[in-house]
Amino acid sequence: MKIEFKDVALQYAKKEPLFREVNFSVCHEDYVIIRGSSGTGKSSLLRLMNRLLEPSSGEIFVDDKPLYTYEVTHLRRKVTYLQQTPIIVEGCVAENLLLPFHLVSATKPAPSKEELRKWLDDLLLKDVCLDDDAQKLSVGQKQRIAFIRCLLLEPSLLLCDEPTSSLDPTAKDILEQCLENYHLEKNIGIVLVTHTDVKVQKAQVKKYILDSCRLREL
Amino acid sequence: MQVIEISMWQLFLCLILVMITGFCSIMLHLKLEKDLLIGTTRTFVQLFVMGYLLKFIFQINTYYLVLAFFTWMIFWAAHAVKGRTKERTIPLLFPTFMAMLVSCMLVTIIVTSLVVQVKPWYKPQYFIPIGGMIVGNSMNGIAVALERMLSEMRKQRDEIEMFLCIGANCQEATASIVASSIKAGMIPSINALMTVGLVTLPGMMTGQILAGVNPMTAVKYQIIVMLMLTTSTAISCIILIHVVRRICFTPAQQMKI
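Note that the protein sequences, when read in sequence, are chains A and B.
For the first sequence, the positions run 8 to 225 when this note's numbering is used.
For the second sequence, the positions run 1043 to 1299 when this note's numbering is used.
Isolated chain A, as found in the complex (with noise of 0.2 Å):
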């Protein structure tokens, strides 16, 4: 799966445009980091991707055809969003985790709790149980478990908005670990939005950098 912007600029409603003419494309085989001071528009570009805002002007491709002939729902499973803050419904872990089986627009069937109890283990939450309340859960782990959520989703296409700015430094580098290796072996593209330094050890990364109202290459 292959993204396009094609000049594509963002304004809210009787403001300053947040950026304009932004030219760039990821695809699933990319590991990508655009940085930027808070307030630059670096969610919002994340939030065009998976069509949760629309640009104001230009136009966004995914494998060569607009983004807007897709079906929203599907679109959104392939083009994952993962929040800068962990949201974690009522209920336990495991009810969240298969929170997007539950929906209309779900074609795979969950997933058993043997496969989740892996995932768990293999993001180091081998304490965390399938029926634990996840509200009682740490920040770093509701991050985690939100993450899986999203990988259970099997995107091709995987945005992190700040996925680690309120976590910790040992969950931070943890969540930084996962996300490469999921990269590497999965093959699923990764777009990082971020103010912060992010630890990356293998993983090809292209740097982008979102300023004075432009998206530049680093």
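When the alpha-carbon atoms are kept at most 25 Å apart in a straight line, the in silico PhoX-like pairs for lysine-lysine are as follows:
hint: 1; chain 1: B; residue 1: Lys-1128; chain 2: A; residue 2: Lys-21
hint: 2; chain 1: A; residue 1: Lys-22; chain 2: B; residue 2: Lys-1298
hint: 3; chain 1: B; residue 1: Lys-1161; chain 2: B; residue 2: Lys-1097
hint: 4; chain 1: A; residue 1: Lys-209; chain 2: A; residue 2: Lys-179
hint: 5; chain 1: A; residue 1: Lys-133; chain 2: A; residue 2: Lys-193
hint: 6; chain 1: A; residue 1: Lys-85; chain 2: B; residue 2: Lys-1298
hint: 7; chain 1: A; residue 1: Lys-115; chain 2: A; residue 2: Lys-9
hint: 8; chain 1: A; residue 1: Lys-9; chain 2: A; residue 2: Lys-214
hint: 9; chain 1: A; residue 1: Lys-9; chain 2: A; residue 2: Lys-193
hint: 10; chain 1: A; residue 1: Lys-85; chain 2: A; residue 2: Lys-13
hint: 11; chain 1: B; residue 1: Lys-1128; chain 2: A; residue 2: Lys-22
hint: 12; chain 1: A; residue 1: Lys-85; chain 2: A; residue 2: Lys-193
hint: 13; chain 1: B; residue 1: Lys-1262; chain 2: B; residue 2: Lys-1161
hint: 14; chain 1: A; residue 1: Lys-9; chain 2: A; residue 2: Lys-85
hint: 15; chain 1: A; residue 1: Lys-125; chain 2: A; residue 2: Lys-193
hint: 16; chain 1: A; residue 1: Lys-214; chain 2: A; residue 2: Lys-85
hint: 17; chain 1: A; residue 1: Lys-125; chain 2: A; residue 2: Lys-179
hint: 18; chain 1: B; residue 1: Lys-1197; chain 2: A; residue 2: Lys-22
hint: 19; chain 1: A; residue 1: Lys-115; chain 2: A; residue 2: Lys-125
hint: 20; chain 1: A; residue 1: Lys-85; chain 2: A; residue 2: Lys-120
hint: 21; chain 1: B; residue 1: Lys-1298; chain 2: A; residue 2: Lys-21
hint: 22; chain 1: B; residue 1: Lys-1197; chain 2: A; residue 2: Lys-143
hint: 23; chain 1: A; residue 1: Lys-72; chain 2: A; residue 2: Lys-213
hint: 24; chain 1: B; residue 1: Lys-1197; chain 2: A; residue 2: Lys-21
For the record, the hints were derived by calculation from the structure and aren't laboratory data.
Since this is a predicted model, take the numbers as computed values, not measurements.
Given chain A, put chain B in place with the hints provided.
Positioned in the frame of chain A, the structure of chain B alone reads:
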């Protein structure tokens, strides 16, 4: 039993009560004097205008005039609901008006034609007061439900977006908010069903008893009123909350508020 007529000077005697309130407001620096004065004046003017209008409609006694008057009442109720919500990004007046029109009209016609069996069904002496109670109650219910829905949508924006990001449509993303909003709108009506006759002596029953009606007849009317108010509030809330939910999202399942 003869109804005791109230003369104009008796009515103005009531102003003493308002003056007591105004005096308290001055003494306690509540600054409510102006509002009290405007409110009292409006009560007199609005109710007298309503009285003359009703007198006119009762005399003409045609279904289209009764329905037009009822629609006019619903419009102002919808206007009041819109005024109570702070939301300005999405249009609320038309959906509120339509939801109330459907539910209030439906329930009022059912009550007058099937339950009370008024002949003709639009007889204004029955249709207007019954409809008025239905509109008033629905208005309060949907104002609560709407306010709850819009505030919860803003508060739970991240949660809604999480659902959208994993492939949910707007119905799935807001299912719990919709349910809790309808519930919130219904609670006053349900509470009224629980406490009627114990804590409160309802307005219509009191009015009928004052007008000399047998208390048992008044009770039967009141039971009809309580049930119809609950039904109309439920229907209005259900229609409006579902319509507004739809308006709050674009066809591409993006939040508008």
